[in-house]
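Chemist: Protein chains in written order, with our numbering: chain A, 229 to 756; chain B, 702 to 1054; chain C, 495 to 930.
Bear in mind the hints are in silico, worked out from the structure with no lab data behind them. Treat the hints with care, as some may be off.
Said to hold, decoys possible - Cross-link-like lysine-lysine pairs, in silico, BS3-like; alpha carbons within 25 Å at most:
# : chain 1 : residue 1 : chain 2 : residue 2
1 : C       : 921       : B       : 996
2 : B       : 830       : C       : 628
3 : A       : 403       : C       : 788
4 : C       : 788       : B       : 997
5 : A       : 238       : A       : 572
6 : A       : 572       : B       : 830
7 : B       : 997       : B       : 830
8 : A       : 369       : C       : 788
9 : B       : 830       : C       : 788
No experiment lies behind these values; they were computed from the predicted model shown.
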Amino acid sequence: MAVEPVLRMKGISKSYYGTKVLDNINLTLMPGEVHGIVGENGAGKSTLMNILFGMSVIHSTGGFEGSIEIDGQPVEIRSPLQAMSLGIGMVHQEFMLLPSYSVAENIKLNREVLRPTLASRIFGPRLQSLDYSRMYADARKALQRLNIGIDEYATIAGLPVGYMQFTEIARELDKEHLRILVFDEPTAVLAESEAEHLLRAIKEIAASGIAVLFITHRLSEIMEVCDNITVLRDGRQVVTKARKDTNVIELAELMVGRSMDFRAHKRKESHNSRPILEIRGLSVDMPGERVRRVDLTVYEGEILGIGGLAGQGKIGIANGIMGLYPAAGEVRVAGTLLELNNPKAAIAAGLAFMSEDRRGVGLLLDSSIELNIASGAMFGTGRFVKTWGPFSQVDQEAVRANAEKYISELDIRCTGPQQAVRQLSGGNQQKVCIARALTMNPKILLVSEPTRGIDVGAKQLVLDTLRRLNDELGMTIVVTSSELAELRSICTRIAIVTDGRVAGILRPDDPDAKFGLLMAGQPISKGA
Amino acid sequence: MKAKGILKDMDLARLIIAAFFVLLCVAAIALKLNAAELITSSLTRMGMWGVLVLAMLPAILAGTGPNFGVSLGIVCGLLGGLLALELAYRLEGAVYFSPWALFLTAMIFSLPFALLMGIGYGWILNRVKGSEMMIATYVGFSIVSIMKLAWVFLPFKSPEMAWPIGRGVRVQIALENRGLAQLLNNFLAFRIGAVTIPTGLLLTVALALFLMWLFLRSRTGMALAAAGSNPRFAEACGINVDRQRIVGTVLSTVLGAWGILIYSQSYGFLQLYEGPMFMPFVAVAAILIGGASVKKATIAHVVIGTVLFLGIQVVAVPVANAFTAEWSSMGEISRKIIQNGVILYALTQAGGE
Amino acid sequence: MESRALTISEGLKEKSFSSVRSFLVRNMVTIMFLVLSAAGYKLSGMTPFLFLMDIVARISRNAFLVLALIIPVMAGMGLNFSIVLGAMAAQAIVIFVTHWGVSGLPGILLSMVLVTPLAVILGYLTGNLFNRTKGQEMIAGLILGYFAQGVYELIFLQLVGGIIPMKNPAIIMSSGVGVRTTIDLTNGLKYGLDWPGSYWGNDLLLRPTLPWTIIGMACALAVGILAYQLRAEQRKRLSAPKLVLAGAALAAACWWSARQVQMGSQINWIRVPLLTWMVIAAACVGLHYFSRTKLGQDMRSVGQDRHVAAVAGIDVDRVRRIAIILSMVMAAWGHIIFLQNIGTFSTYGSHEQVGLYSAAALLIGGATVAKATIGQALLGTVLFHTLFIVAPAAGRQLFGDAQIGEYFRVFVAYGIIGVTLAMHAWKQILQRRSLS
């Protein structure tokens, strides 16, 4: 008897404000199948799941193209509640748990078992009372399916992370009509033994007839549990293969791919330069980008790239050095020890930083271009200020002149140095950030996600500017980026950060597979 | 360009209030009320409150929201005033304090209190980021409440201050005897027709505004504004955001202290006990009416808001009275409604979390 | 007590010691207040008779209002200072009902019926306001209260009597416009709930003396606890030490009451308004069962984390609005209870301190901005009003000035709220940091 696929996603495409993030994705899921989805950051995995789960962020930005079918019937999923009623469950990356409730209450959240009361007969169903004994019984059943020894009466607040994860899963399993369960990077927060337990649980869940969509970047896990695997890259579906037809190395290669959008540039390797930035045992507590112990040496005059998947820690390195997040370890700038957790000290030591969060950290949106450009130097090193004893006044002419210099040099499109930065395009805003960094006359420039949120035309300009700075001024640049292609186009060397550590340092022209493996947390074997 | 910018800031709520003010003025003229008297009163009232409203500015700029707890600074100012008067009394015969000397002494005496309290208050605000307005309100209420006890127990002996029988200081302390009443107002005052311009008072406010303007162009001032506008940006530039917030709070407290001295000299009395309790709300409403939000404010907002809000307060009373005697309380009621309505409106505009 | 714990075996010793310590820390405020009140009582030199009479009256008229604050705390909106609006609605209705001459228990019932739709509307509007000021609900409520006062004054000081016609020299000022500053409810709604005797007959049954009330309550509580122990499941039962403590307390109360009866002391003259206390008890029971309903659970869910609740499909805005509506209606009824007990009320001042005193009472009982229980509300009412009663007398004894005591008690109210708000805000920030 032919079994109907439980889920069919046909021709799914999605654009955010003109930028296409998903392009013609087709996915078919059979009941009981475990389907893995792999890809780099920005490959479109989260967007695809947001579409499936009816998240408002999709509908408020223009919806999507394509169709979704459940059990052969076309459906329109407009809200998470609707997705749930169609039998789709999702175990999110950030836990959707209420800390002072018990495990059972969380499992039954907004689906509590009710009993009619006198009041409910008069005033309506919302005054029915909770049938606690049945709730605890149901919770017990769900937990048993996972084979986990959690006490359903326990309060969430004190539980270890792994148990919280399992409570999330139990909540989905408790839903009677559950047909499809999506796991979004579930092992990211788990210890190894907990991860093992989870993988076993996934196999059992699938065996009970529920289809599983498993999103992860850990290729070994994919190979362990998945029946079929889809690789996404830059919003496109590269391939969908059965597990038996592929291996880790091939997957790694397909994930990374080779995008010829950027002109590869032969970088001169300078063997004789001295180290200008030495990082030893750096740990940074940046939520979502934790750095565990990173050792890295940056040589004078080079462009070092730091790459890796989202959430693996690459963003945390520069942020930690600049003192924006709590950091520990040893960092030396040109031999001198740098005081950590102190942005002012970092600036004084000659480091300039362009944050990945351009609008949040990188700019004073409602202030003028000239003020934005001058800020780093003004507050970090006291430039642009005339002082008389304890009193000071900002030197407006110097600020203006400096702004005008960079507006022309970097070709910042604006109505003038007094225009509010909020009104500029992403590319021009980025140039303002570059101007601010340069105004500080840094020895080393740390740039995070230089082309994020910038349209294609402007991306090349930004990269060219960085390259020029290195060529003409000999400035040492450390570029952190999730776009491997752009790192490969301008960097001398590229360090890949996985699980908060440097997995390896590669050259731009090293084979794709090596990049893929390092990012996936696999060691590079001799064969690759 | 400045004018257009100001007009842009004025959204519906403020246009309504501005229109209301114009309406009141027109009504005043139509009802043949004493225009000269009204103008004099208006100028005086605006001058009285000017510095207190200005006290809101550094707090908003630094990111701690409108300073609902400026009653803390007010209390410091009152203390300074009382100490100055007490000193003048104790040294009577030996040293003569001219009214100006007395006023300056009060300002100097209030300074250390304002600095210390401001630092402590700022420290608290740094630990309750996101709930500053509520905490500020209750810090203010608590301080005024505990000062009620302090006024009873502090050993002031000066006859104009202490009750002749029993303990404690009077509820209101007259400033006339020492020549302090309207000291600033009368300085260089002149008449245009029947209107008396309280020049000294207005000059003082103008001076305060000018000094604030200078401060905002200094390195600290710009750092303060950056810290309040985008704390993460400021940190990345090497600014110590927590420190700047304390600077803003201290400035606000000091302005509150000196502001109440300016207010009191014009009023002619130092008002203790319940007096300072609800004054912060007037100042907050004023700056909001001027176009500020709980996150953004400029010197122009201070000026416009003071003019509008206090102008309405002055003109509304005689206009309401002229309509019918029973509407004698309309002035006060309309103030309550406008004042709190504006603050509510600003809270909803803050966009929640 | 601590030294005894230390002599028991190692493991138990550590546990008892730390649990006693953590108990003390957690309930610091309440314990401080117990001490303060006890000291104040001693210093005031009041006789037990005067004190008990006053406290019984205060509990009767204030407990309901404090209970009204519980639901918004549950729903994550903190201290609902906007109950002032409910109080003002109650006053408005009371003015009209008095004007129409309906008195006694029927008057009270009419007032409660009439004020309900008004309170619902006000609650709805306030709920909308709170939904637009998420994260700043408390200050919004506070300012809303002041704003509403202005509107209230506009209506009752300037419009009623004139534009809104009302000819009644007992209510309207001699000028013909504006409600008088004080209204006397004697022969009107006064004691409508407390003394329904004139309508029902047996006065002694409806207003029992204090000792008999205590005995009755103690018996009822004992029966209740017994029933609970038998019905509840193993894990939820009260532990032995707690049972012993409760039993001892109840027995002591009964013994003391019996002695008063036997001695024929003045205490026997104190009457308890049973009907009012039963209304309060009904509210407690109602709140208890409400928190176990779906709606109550939704409110608690929303109160903990709006985002998680929303993703789970709960209509967050609606739940919050309902919470405020319920609170507003309870506040309106509570204020009617307050007014009928106090008898003469100040038209423009009575409602002002409703928010402040109720919130302070709740917090003194041990509640926080995030969590409030019925027990805390009741305990807090007793403690707060104890302080209220003894402070002026203590002030007079210590300093010769009752005013000092009054200043002190108001400072305590403000101070306790200020400190609690600060602690809560601080804890929230620390929690957020540790979660990430």
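Chemist: Evaluate each hint against the coordinates.
Modeler: A quick look at each hint next to the structure:
Only pairs whose Cα atoms come within 25 Å are accepted, and residue 921 of chain C paired with residue 996 of chain B is accepted, the gap being roughly 24 Å. Restraint check: the Cα-Cα separation between residue 830 of chain B and residue 628 of chain C comes to about 15 Å, which is no more than 25 Å; the hinted pair holds. With a C-alpha separation of about 18 Å, the suggested pair residue 403 of chain A and residue 788 of chain C falls inside the 25 Å cut-off, and the hint holds. For the given pair, residue 788 of chain C sits about 42 Å from residue 997 of chain B by alpha-carbon distance, which is inconsistent with the 25 Å threshold.
Of the pairs offered as hints, the one joining residue 238 of chain A and residue 572 of chain A is violated, with about 53 Å between alpha carbons and a cut-off of 25 Å exceeded. Straight-line distance between C-alpha atoms of residue 572 of chain A and residue 830 of chain B comes to about 23 Å, which keeps the hinted pair within the 25 Å bound. With a C-alpha separation of about 17 Å, the suggested pairing of residue 997 of chain B with residue 830 of chain B holds against the 25 Å cut-off. For the hint pairing residue 369 of chain A with residue 788 of chain C, the CA-to-CA distance comes to about 22 Å; that is within 25 Å, so the pair holds.
A C-alpha spacing of about 34 Å is found between residue 830 of chain B and residue 788 of chain C, which places the hinted pair above 25 Å, so the restraint is violated.
Violated hints for the displayed structure, listed by number in ascending order: 4, 5, 9.
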